[in-house]
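Peer 1: Listed below, chain by chain, are the residues.
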Amino acid sequence: MNLGVIDKTDTGSTPDENLVRHEVEAVNKKGERPPLYAPRKKIHPKRTYGFFRTFKWWVMAVTLGIYYITPWLRWDRGPGAPDQAVLIDMPGRRFYFFFIEIWPQEFFYIAGLLIMAGLGLFLVTTAVGRAWCGYSCPQTVWTDLFIWVERFVEGDRAARIRLDKAPMSASKAFKRVIKHAIWLVIAMGTGGAWVFYFADAPTLFVDLVTLNAATVAYATVAVLTFTTYTLGGLMREQVCTYMCPWPRIQGAMMDEESLTVTYREDRGEPRQPFQKNADWSKRGDCIDCKACVVVCPAGIDIRDGQQLECITCALCIDACDDVMARIGRPRGLIDYDSIANDQRRRTGEPTKIRIFRTRTVLYFIAWGMIGLAMLYALLNRADLDINVIHDRNPLYTTLTDGSIRNGYTFKILNKARRERTFTLSTTGLPGIRLRVVGSQEVGDLAVPSFTVGADRLQSYRLLVTAPAGALTSDAYDLRFVLQDTVTKETATYNSLFRGPRK
Amino acid sequence: MSDQNPSEGRPVDDFTGIETTGHVWDGIRELDNPLPRWWQWIFWGTVVWSIGYWIVYPAWPLISSHTTGMFGYSSRAEVARDIADAQERQKVHLDKLKDASLEQIRTDAGLREFALAGGRSAFNVNCSQCHGSGAQGFIGYPNLNDDEWIWGGTLDAISHTITHGIRNADSDEAHQSDMPAFGRDELLDKAQIGDVADYVLMISGQSGDGAAAQRGKPLYEENCAACHGDAGEGNAELGAPALNNGIWLYGGDRQAIVDTITNSRAGVMPAWGKILDDVTVKKLAIYVHSLGGGK
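Chains as they are written, first to last, in our numbering: chain V, 1 to 502; chain Y, 1 to 295.
To be clear, the hints were calculated from the coordinates, so they are not data collected in a lab. Don't take every hint at face value.
List time: in silico EDC-like cross-link candidates among lysine to aspartate or glutamate, alpha-carbon distance up to 20 Å [said to hold, decoys possible]:
(1) V:29 / Y:30
(2) V:29 / Y:14
(3) Y:295 / V:304
(4) V:411 / Y:14
(5) Y:295 / V:444
(6) Y:96 / Y:78
(7) V:29 / Y:253
(8) V:29 / Y:13
(9) V:502 / Y:14
(10) V:29 / V:304
Remember, it's a predicted structure, so these values are computed and weren't measured experimentally.
Build the full structure now, drawing on both the sequences and the hints.
Peer 2: Written out as structure tokens, the structure reads:
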């Protein structure tokens, strides 16, 4: 065993062989006098094993799986409609999501979804800290993947540090080229998958490969390839620390009961190098091996307390648990815990985890209410809608026979995937006649009918005439009722009929 | 409380050990963390990039002009190009409009829709100043939504009126009509004019002095009926408005009618055929005809 000895070489072997003390400094080491501009300190995160590492692999597999596979799922919508399960059809101005089809004027569904995502994020942050950052943020997931590639090609931490220091050689160049090539392939795959959400995936794939796709598709792939490669491969923790606003916002979401990755100072201090047969009652459990620092993808020391840079990926928990197991101390020196529990321990109170607090309950209620409202709106979504816009100029027209005419722009939104025939009737002013202006003019009828094609918005100009002497007031509420001749479904619109001042 | 950093005299934050900027806002101090070096490079990179803009694009104002850039780019030229592109794409439809008769355009759904869209915008640019944005008209400028037409409401009549205009010197075929100024030229005296006005009120369905109207009837038949018709039904051939309904170009109350008979009226309209191309005139005719009063 090699305990308590500073091992500058860091064997880089699997953790079962021996326990080492790492030579490492946190990138944001306390008390350092900073210059105006600081060069980046390169971080070489070490491989970890444990519950949270395994959990993160699963999250990565699921999130990347959803991202890459979704555009390829099919969903039959009948003839003439796209059969892609999730499709953002910009030229056709439709958004398809499995059984849901959204028109541009129904964008509030997306707004509702985004509000729910926001409140959900608040809820999760209040309950378990920056779980979004640590597990499911694309920046974290792709960075994790890129580090995995780096480790696969160049080896673990010690080997990578050696490689960085080594002079350029054929073997070093080869490893570098392979690493960047794999990164670029992943980055291109990421950009490539993105464009499939905006067009029929199989068709676009063939077009992309045969160089027949639109310029915008190639440009999008190129931009996303560049950003994925740069942000996930090269910039990594710099994005979270310096570019992302979310860490700042999340600070305001958390309270003293929020669970977050915490070093138990009361248990760990005073830290001392490991000594065999030491009396644990006289020292802290922390053996200052810095295993928590070397695994950190942000390069910080969690023992300095909660920090802006910490994305709570929990890898330091795995690393520390592993060390505790070796030295025969209980796990959880670094663990999900709250500031309140730290206080309770100091005063001798029993610790507790309080997930249900006013804050979390209110967030959940707000989140749930918006969710229910959106669900209600979605389930009751009509596939028929009308808009009637009364002419502003002129408000009314007097005809030679003394009758009064009003003009309207009349729009029928047939959101169903079939051609439908409707009848239009009115209430509020008896005796009026309707005329639909068009190439085939439909004469003065009480109840005209319209045929609107599948999945179409049809606009008409409508002239409504009241006979001479019929008006006793200068304004009437006129209600338009459109009815499907087959299903009897109706859509109504309350408008006005104006006449000369009486 | 902050310690003073002895070397520079700047306060240091206790918790992080990092210098602060020295400002305090409601007890909150700002850590003076270093900016990452790469951020600084990106800043310089954007500065260099902007110099590229000066070279490639118009940038610096000079005394009487400006630097034009390497490729002579101008946003005005780009707009002109876009308009030319749009016109190029419209050409196929415009050619169809050019060859089609007005009636063909009206009864063909596609042509009609295209003509209406163009007609609406041409109307807003050229006609709405007098006739109103909704073609609702004003005193002296006819409402084009109703079904009374001084010079005829068929597609061809509307097209002729737009092309040649009314009482102008620009076109030989401009509509010409001259109503005498019965009062000013002393063809009728004041009392007679009042009697005729009462008669016109009567045939238009309004209430007036019955006895005066009876006195005005022979005067009307002698002086007015030749153009306006025996029953006041008007005559589009001569540009004589109908007097037997509630639609008035210059107002239908007694005073307005008296004024009209006394001084006559003679509105003008330019010959748009001299200003606009044939296709635009066709679009305008289709649009005006569609407003609701077309015959």
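Peer 1: It remains to establish, for every hint, whether it holds in the given structure.
Peer 2: Evaluation of the provided hints:
no.: 1; hint: V:29 / Y:30; verdict: holds (18 Å)
no.: 2; hint: V:29 / Y:14; verdict: holds (14 Å)
no.: 3; hint: Y:295 / V:304; verdict: violated (88 Å)
no.: 4; hint: V:411 / Y:14; verdict: violated (67 Å)
no.: 5; hint: Y:295 / V:444; verdict: holds (15 Å)
no.: 6; hint: Y:96 / Y:78; verdict: violated (28 Å)
no.: 7; hint: V:29 / Y:253; verdict: violated (93 Å)
no.: 8; hint: V:29 / Y:13; verdict: holds (14 Å)
no.: 9; hint: V:502 / Y:14; verdict: violated (81 Å)
no.: 10; hint: V:29 / V:304; verdict: holds (9 Å)
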